[in-house]
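Heads up: the sequence lines are chains C and B, in that order.
Sequential numbering from 1 applies to the first sequence in the numbering used here.
Sequential numbering from 1 applies to the second sequence in the numbering used here.
Hints listed in this document are in silico derivations from the structure and should not be mistaken for laboratory results.
A couple of the hints might just be wrong.
If several chains are the same, the list does not tell them apart, and a pair holds so long as it fits within one copy or across any two.
With a cut-off of at most 20 Å between alpha-carbon atoms, the simulated SDA-like pairs for lysine to any residue come out as follows [said to hold, decoys possible]: (1) K61 / S51; (2) K61 / A15; (3) K61 / G21; (4) K61 / P14.
Values in this document were obtained by computation on a predicted structure and should not be read as measured data.
Protein chains: 2
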Amino acid sequence: MSLPHPDADQITLPAVLAALGDDTRLAIIGCLARSDAITGLVCGQLCGLTSKTNLTYHVAKLREAGVINVRPEGTRRRVTLRREDLDNRFPGFLDTVIASAIDLPLVDITLRQLHEAVQD
Amino acid sequence: MSLPHPDADQITLPAVLAALGDDTRLAIIGCLARSDAITGLVCGQLCGLTSKTNLTYHVAKLREAGVINVRPEGTRRRVTLRREDLDNRFPGFLDTVIASAIDLPLVDITLRQLHEAVQD
DNA sequence: TCAATTGTTCAATGAATTTTGAACAAGGAT
DNA sequence: ATCCTTGTTCAAAATTCATTGAACAATTGA
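Using the sequences plus the hints, can you model the full thing?
Here you go:
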């Protein structure tokens, strides 16, 4: 049940770009950006995007690239964006990605609010 | 005989991410970033990266995504980064990409070739 | 204990991407 | 004109990536 994550300083942009160069994974990022920045989501809440099995695959890709954190929580997996690590490593990058991953007119939380939520 | 380029406002980040999520294409970006920003490079100066045929393929990918501009120049193709368009569309994004593409170990183009490239 | 929930693993398939070589086209130089 | 250089096109092959289903594992709750 070990879920290996790269350390913040091991995150490379080529790997991040490869992970984000896919529509399904970009959609996952969009969902996470819209969700509560702190609690994140569990995989089941992302299943509208693809099948359960396939979601495991894409979530692993994002985790291995250092884009998301996946924490076991009982039988679930709590998924959060590694916002702080990515902001430190590549300032501004994640904001740009999120802005285009959120393709909705109805956004229930603004980017600024997301930022502030993380600071607390 | 001009090649099709997307207008600046037609450039989408998902397409750009897909284009940059590849090591060969990132290496091309690295070479262009090191070259003279105005004159750019011709394809032949990038051939250390891959075969001539394959280069045509990757350069087309980058062009179609709106990352580079390709201008016919006699029998050559002058390749430049679309810095301004990308900076306007996704502020800071290209700088971040370049910072990590600039020192890709994958590039086996020699220093001499680079020198000639910049002077040309 | 038993059943339901949540997600993983594995092997196989399908699909898309990347790479290659041969033949070709266009422009420049001699 | 004829070569030479530079790059393209096309079809095929190689490779990588994404998707699926069946069987499994771990946890929770009745």
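Hints and how they fare:
1. K61 / S51: within (15 Å within a copy, 29 Å between copies)
2. K61 / A15: both (9 Å within a copy, 19 Å between copies)
3. K61 / G21: Both ways: K61 and G21 sit 11 Å apart in one copy and 13 Å across, limit 20 Å.
4. K61 / P14: Intra 13 Å, inter 17 Å, cutoff 20 Å: intra and inter.
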